[in-house]
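Engineer: Chains as they are written, first to last, in this note's numbering: chain A, 1 to 118; chain B, 1 to 349; chain C, 1 to 341.
What the hints contain is simulated information worked out from the structure, not anything from laboratory work.
Since this is a predicted model, take the numbers as computed values, not measurements.
The beta-carbon is built from N, C-alpha and C at its ideal position, and this holds for glycine as well.
Watch out, some of these pointers could steer you wrong.
Said to hold, decoys possible - Among the chain B residues that face chain C by a calculated CB cut under 8 Å, a handful are: (1) GLY5; (2) LYS6; (3) VAL9; (4) GLU135.
Claimed, not checked - Some chain C residues well away from chain B (every beta-carbon gap over 12 Å; in silico): (5) GLY38; (6) ILE64; (7) TYR89; (8) GLY222.
As the list claims (entries may be wrong) - 20 Å max Cα-Cα, derived EDC-like pairs, lysine to aspartate or glutamate: (9) C:LYS146 x B:ASP214; (10) B:LYS185 x C:GLU216; (11) A:LYS7 x B:GLU279; (12) B:LYS7 x C:ASP164; (13) C:LYS257 x A:ASP21; (14) C:LYS255 x B:GLU196; (15) C:LYS244 x B:GLU196; (16) C:LYS113 x B:GLU196; (17) C:LYS257 x B:GLU244; (18) C:LYS244 x B:ASP214; (19) A:LYS7 x B:GLU277; (20) B:LYS250 x C:ASP238; (21) C:LYS244 x B:GLU217; (22) A:LYS34 x C:GLU216; (23) B:LYS167 x B:GLU320; (24) B:LYS140 x B:GLU122; (25) C:LYS229 x B:GLU217; (26) C:LYS220 x A:GLU43; (27) B:LYS174 x C:GLU232; (28) C:LYS220 x A:GLU35; (29) B:LYS281 x B:GLU244; (30) C:LYS146 x B:ASP4; (31) C:LYS229 x A:GLU43; (32) C:LYS257 x B:GLU217; (33) B:LYS7 x B:GLU279; (34) B:LYS185 x C:ASP164; (35) B:LYS15 x B:GLU109.
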Amino acid sequence: MASNKNKFGFDISLGRQINYDANNRNIAEYLFDKEPSMRRCIECGGCSATCTTAGFTTFSLRELMILIKRGETDEVYMNLKKCMLCGKCTLVCPRGVNTRNIIVLAKKAFQKSDEYAI
Amino acid sequence: MIIDGKKAVWKDYQKEIADDRYYYVRSCVRQNFFPGSETAFLKIMREELNKDVYEHPCHTSCSGIGYHSDIVPVETTMTVVARQFAIMTEAGYENLMPSCITSFGLYTEILDTWHHFPEVEEKIRKQLKKATGREFDKPKNLAHASDVIFKFRKEIGAKAKYKLINKNTGEPLKVVDHIGCHYAKMFPSKGIGGAEYPYVLSGMIEEWGGQVIDYPERRHCCGFGFRQYLVQANRGFSIACSKEKFESMKPFKPDMIITNCPGCPMFLDRWQYVINEMEGKRYGQNGEGIPVFTYEEVAGLVLGYDPWDLGLQMHQTDCEPVLDKIGIDYSPEDKYNLETVSAFSKSLV
Amino acid sequence: MNKHVIVIGGGVAGLEVAGQLSNMGIEVSLIEKEPKTGGHLNKWYKLFPDRRNSSEVQSYLARIVHNNRIKLLTNTTIEKFKKGRGHFYVTTNNGEVLNADAVIVATGFDLFKSARKEEYGYGIYDNVITSADLEEKFQKGDIILKNGAVPETIGIIHCVGSRDEKVGNFYCSKLCCVTAVKQAIEIREFLPDSKVFCFYMDMRMGGAFYEELYREAQEKWGVSFIRGKVSEASETIDNKLTIKVEDTLAGRPLKMKLDMLVLMAGMEMSEGGVRVAGIGGLKTGENRFFAAVDNHTGSNRSNIEGIFYAGTCTAPMNITETISHARAAVVEVIDYLKDGK
Ligand SMILES: Cc1cc2nc3c(=O)[nH]c(=O)nc-3n(C[C@H](O)[C@H](O)[C@H](O)COP(=O)(O)OP(=O)(O)OC[C@H]3O[C@@H](n4cnc5c(N)ncnc54)[C@H](O)[C@@H]3O)c2cc1C
Ligand code: SF4
Ligand code: SF4
Ligand code: SF4
Ligand code: SF4
Ligand code: SF4
Numbered sequence: 001m002a003s004n005k006n007k008f009g010f011d012i013s014l015g016r017q018i019n020y021d022a023n024n025r026n027i028a029e030y031l032f033d034k035e036p037s038m039r040r041c042i043e044c045g046g047c048s049a050t051c052t053t054a055g056f057t058t059f060s061l062r063e064l065m066i067l068i069k070r071g072e073t074d075e076v077y078m079n080l081k082k083c084m085l086c087g088k089c090t091l092v093c094p095r096g097v098n099t100r101n102i103i104v105l106a107k108k109a110f111q112k113s114d115e116y117a118i
Numbered sequence: 001m002i003i004d005g006k007k008a009v010w011k012d013y014q015k016e017i018a019d020d021r022y023y024y025v026r027s028c029v030r031q032n033f034f035p036g037s038e039t040a041f042l043k044i045m046r047e048e049l050n051k052d053v054y055e056h057p058c059h060t061s062c063s064g065i066g067y068h069s070d071i072v073p074v075e076t077t078m079t080v081v082a083r084q085f086a087i088m089t090e091a092g093y094e095n096l097m098p099s100c101i102t103s104f105g106l107y108t109e110i111l112d113t114w115h116h117f118p119e120v121e122e123k124i125r126k127q128l129k130k131a132t133g134r135e136f137d138k139p140k141n142l143a144h145a146s147d148v149i150f151k152f153r154k155e156i157g158a159k160a161k162y163k164l165i166n167k168n169t170g171e172p173l174k175v176v177d178h179i180g181c182h183y184a185k186m187f188p189s190k191g192i193g194g195a196e197y198p199y200v201l202s203g204m205i206e207e208w209g210g211q212v213i214d215y216p217e218r219r220h221c222c223g224f225g226f227r228q229y230l231v232q233a234n235r236g237f238s239i240a241c242s243k244e245k246f247e248s249m250k251p252f253k254p255d256m257i258i259t260n261c262p263g264c265p266m267f268l269d270r271w272q273y274v275i276n277e278m279e280g281k282r283y284g285q286n287g288e289g290i291p292v293f294t295y296e297e298v299a300g301l302v303l304g305y306d307p308w309d310l311g312l313q314m315h316q317t318d319c320e321p322v323l324d325k326i327g328i329d330y331s332p333e334d335k336y337n338l339e340t341v342s343a344f345s346k347s348l349v
Numbered sequence: 001m002n003k004h005v006i007v008i009g010g011g012v013a014g015l016e017v018a019g020q021l022s023n024m025g026i027e028v029s030l031i032e033k034e035p036k037t038g039g040h041l042n043k044w045y046k047l048f049p050d051r052r053n054s055s056e057v058q059s060y061l062a063r064i065v066h067n068n069r070i071k072l073l074t075n076t077t078i079e080k081f082k083k084g085r086g087h088f089y090v091t092t093n094n095g096e097v098l099n100a101d102a103v104i105v106a107t108g109f110d111l112f113k114s115a116r117k118e119e120y121g122y123g124i125y126d127n128v129i130t131s132a133d134l135e136e137k138f139q140k141g142d143i144i145l146k147n148g149a150v151p152e153t154i155g156i157i158h159c160v161g162s163r164d165e166k167v168g169n170f171y172c173s174k175l176c177c178v179t180a181v182k183q184a185i186e187i188r189e190f191l192p193d194s195k196v197f198c199f200y201m202d203m204r205m206g207g208a209f210y211e212e213l214y215r216e217a218q219e220k221w222g223v224s225f226i227r228g229k230v231s232e233a234s235e236t237i238d239n240k241l242t243i244k245v246e247d248t249l250a251g252r253p254l255k256m257k258l259d260m261l262v263l264m265a266g267m268e269m270s271e272g273g274v275r276v277a278g279i280g281g282l283k284t285g286e287n288r289f290f291a292a293v294d295n296h297t298g299s300n301r302s303n304i305e306g307i308f309y310a311g312t313c314t315a316p317m318n319i320t321e322t323i324s325h326a327r328a329a330v331v332e333v334i335d336y337l338k339d340g341k
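Next up, chain A with everything else stripped away, as it sits in the complex (with noise of 0.2 Å):
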């Protein structure tokens, strides 16, 4: 849609809010699926604390995650290459998720295009 900015000098905002019930979460479901482990995550932050790349990026694992799960997928594609598989998140997380299999299994999945992206 053309901006009405010219018109009226502003556009109409779109929402933050997470529409749960219009996304889409099929890579949620392709991950629980093929890395169980997953559905333990109990959102600690431990991962990202530790986290090579969050340190000097906006990367959060655990915020992909989250995201992930809500099926507000749009970012989460780009950020993940940002990942460096170093391994040491899942090292310290406390449930055990293979977060870095996580990590491997997303890229799969968004891949897979058809079957599974947004």
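Once you've looked at the hints, dock chains B and C with the ligands against the given chain A.
Structural biologist: Coordinates of chains B and C with the ligands only, in the frame set by chain A:
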């Protein structure tokens, strides 16, 4: 929906509303937005209900709009409000009845602040005295003008010429009530029905024959928010709030919206036009908008006042669809005839 | 020991106290305002943490009371209360005057009245129920909506009436988090196709085997946990509920539709307890529960010598804690009767 559950909540939020002898303070912005409303209100109060309503030409804006826009400091606002109290006191009145919801919220907030911090009240008394030489008593009773109409809704209903009923189908009109945020969200105990299920407008709708629509975004703010609207760059957020409400009420096919705040009818009315201009979307039936009214306008319509006397030609979303549903007798060609409108206004003085 | 003790309240705590005292040869009168003893336990389906049937604990309590000579006064409350020289005179609503050497108050808790959280619409929206209502549905074995349909998405709201200044309850009710987890699992058992969401402020799983149950709910039953306080619920045109919550860990507000909402109502001092406090001159705390004289070493002792507390009339407790607290009360009473007065 279990209506008895709502009734139980309503019972918890009754408030005392004075019977007679009101000191009326007008809203600065309402007089511009919907000029017929206050005029109609005074006519209803004085001529239909035979009440003593006192007005004084020296009362001012409560300065709430400046307070809520971060321009006027709260102490200044308090002093302005103290001056309104002084005018009321000097005239021998005790029951304050503001026309504006934000004013009502502000008066409530100020009285509550003074209750908890008497030293602030003392300071304001001194300031007012120094600035104007005036002294004041606090109002004995504070009720919004919509509270008063609510109180007399049955009397108005008894005199009604029209009901909020679709004359073709015999079905009650589906009415959305929108309550100004400052009516009860800050002080739920001061609003009829409280903040979650306010009854002040629902009570009028029911009494006058309509059916209240409870839709998911009923409690959502209209988006006015003062600073949010006043700064052009923020208007996208303001209009998005109204849009959220329209999207949410649309499936219920409302016939009309009734409001009790200056900002809400303004924005719910005007933003429908803007959304249509921007996105080509309308929320009423048959490609029309949803007409938006003040409660005074609705009371006036029910009592059989001429729509153009009530100022309905000032609405941007056409009100005719509702007038036709109710079967109100009006002359389309007089819509913009200033002669008849001023005659009505003159009849008051 | 030729002594007589009055126990007020016949829930888990009162029954345990009565049974144990009676085992020791003490004469006991048990006053219960309802027609039946057992208190809240009667309403529960399966119990956390191990999900055994609540009837097992009920029959334990029935046994311990049945095997003893306890004077059971059901449909009875107390009207008057007097302390003489080491003696208590208790007048019941039936006009009977009981004379005792010591009194144990075990008046339990009341479930928070969820209609007070108006924004959730309990009693207004068709499919908003409480944890206690859900237990009843489990007992009956049919988890259905008001219109008879089977719910597909169910939301559970934690901390309803607890940790909430707006209703005057600062405290945590301590066992609604685990109740939510237990009930989420049970819903999934009853309705394998359903999706369950728990909206929590903190997951307080501080009891034996609680965290394990939480983990099971996530791993085995796929229950979703979203951290945020639900701010309001509304009914949609298709008779569903929509809620607003912030997904605090995603940092974004979230809205979703649900078929059913279950409110984890908190525990409050019981009205029966408030009455006893008034009649007996017993001190209550800021949280309105009975105030014990010492939080560490005297949690059963009241401000009046010879009157003791047992169970949830002093604070939220699970059954394990209630029974331990009741047994501790027995020790206190025995001590008192032996050399106290
Ligand atoms: C939804 C929910 C689920 C729960 N599930 C579990 C679980 O799975 N596992 C677990 O361990 N715990 C559970 N609990 C906790 C458990 O219910 C309590 O620990 C237990 O009921 C406490 O027993 P009580 O005797 O202290 O109180 P209550 O059960 O409240 O009993 C008090 C008794 O005193 C009576 N009474 C009150 N006032 C008077 C009066 N003035 N005169 C005479 N009689 C009076 C009452 O009628 C009642 O019978 C749950 C609690 C809730 C809210
Ligand atoms: S450390 Fe483990 S449990 Fe914590 S957020 Fe990361 S994956 Fe989840
Ligand atoms: S594997 Fe990736 S996400 Fe994990 S710590 Fe290393 S960089 Fe961070
Ligand atoms: S609150 Fe009402 S009366 Fe006060 S300044 Fe605003 S519009 Fe005017
Ligand atoms: S706009 Fe937000 S911060 Fe302001 S009063 Fe409303 S909820 Fe509170
Ligand atoms: S136990 Fe959990 S749900 Fe209950 S009050 Fe405490 S934090 Fe809230």
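Engineer: Evaluate each hint against the coordinates.
Structural biologist: Against the structure, the hints:
1. GLY5: 4 Å, holds
2. LYS6: 5 Å, holds
3. VAL9: OK, holds: VAL9 (chain B) within 8 Å of chain C, min 6 Å.
4. GLU135: At about 38 Å, which exceeds the 8 Å cut-off, the nearest Cβ of chain C leaves the hint on GLU135 (chain B) violated.
5. GLY38: 29 Å, holds
6. ILE64: Per Cβ check, ILE64 (chain C) is outside 12 Å of chain B; nearest 41 Å; holds.
7. TYR89: For TYR89 (chain C), whose nearest Cβ neighbour in chain B is about 40 Å away, the distance exceeds 12 Å, so it holds.
8. GLY222: 27 Å, holds
9. C:LYS146 x B:ASP214: 19 Å, holds
10. B:LYS185 x C:GLU216: 41 Å, violated
11. A:LYS7 x B:GLU279: The hint holds at about 12 Å.
12. B:LYS7 x C:ASP164: 25 Å, violated
13. C:LYS257 x A:ASP21: Status holds; Cα separation ~7 Å.
14. C:LYS255 x B:GLU196: 18 Å, holds
15. C:LYS244 x B:GLU196: At roughly 14 Å apart (the allowed maximum being 20 Å), GLU196 (chain B) and LYS244 (chain C) satisfy the hint.
16. C:LYS113 x B:GLU196: Holds. LYS113 (chain C) to GLU196 (chain B) sits at ~17 Å (cutoff 20 Å).
17. C:LYS257 x B:GLU244: Holds, because 16 Å separates the two Cα atoms, which is no more than 20 Å.
18. C:LYS244 x B:ASP214: Measuring from Cα to Cα gives roughly 16 Å; hence the hint holds.
19. A:LYS7 x B:GLU277: 9 Å, holds
20. B:LYS250 x C:ASP238: With a Cα-Cα distance of about 13 Å, the restraint between LYS250 (chain B) and ASP238 (chain C) holds, given a limit of 20 Å.
21. C:LYS244 x B:GLU217: 10 Å, holds
22. A:LYS34 x C:GLU216: 18 Å, holds
23. B:LYS167 x B:GLU320: OK: LYS167 (chain B) and GLU320 (chain B) at ~14 Å, within 20 Å.
24. B:LYS140 x B:GLU122: The given pair, whose Cα atoms are some 18 Å apart, holds under the 20 Å limit.
25. C:LYS229 x B:GLU217: 18 Å, holds
26. C:LYS220 x A:GLU43: 18 Å, holds
27. B:LYS174 x C:GLU232: Violated. LYS174 (chain B) to GLU232 (chain C) sits at ~24 Å, over the 20 Å cutoff.
28. C:LYS220 x A:GLU35: Given that 20 Å is the threshold and the Cα spacing comes to 13 Å, the pair holds.
29. B:LYS281 x B:GLU244: OK: LYS281 (chain B) and GLU244 (chain B) at ~13 Å, within 20 Å.
30. C:LYS146 x B:ASP4: With a Cα-Cα distance of about 16 Å, the restraint between LYS146 (chain C) and ASP4 (chain B) holds, given a limit of 20 Å.
31. C:LYS229 x A:GLU43: Status holds; Cα separation ~16 Å.
32. C:LYS257 x B:GLU217: OK: LYS257 (chain C) and GLU217 (chain B) at ~13 Å, within 20 Å.
33. B:LYS7 x B:GLU279: 40 Å, violated
34. B:LYS185 x C:ASP164: Within the cut-off at roughly 18 Å; holds.
35. B:LYS15 x B:GLU109: 16 Å, holds
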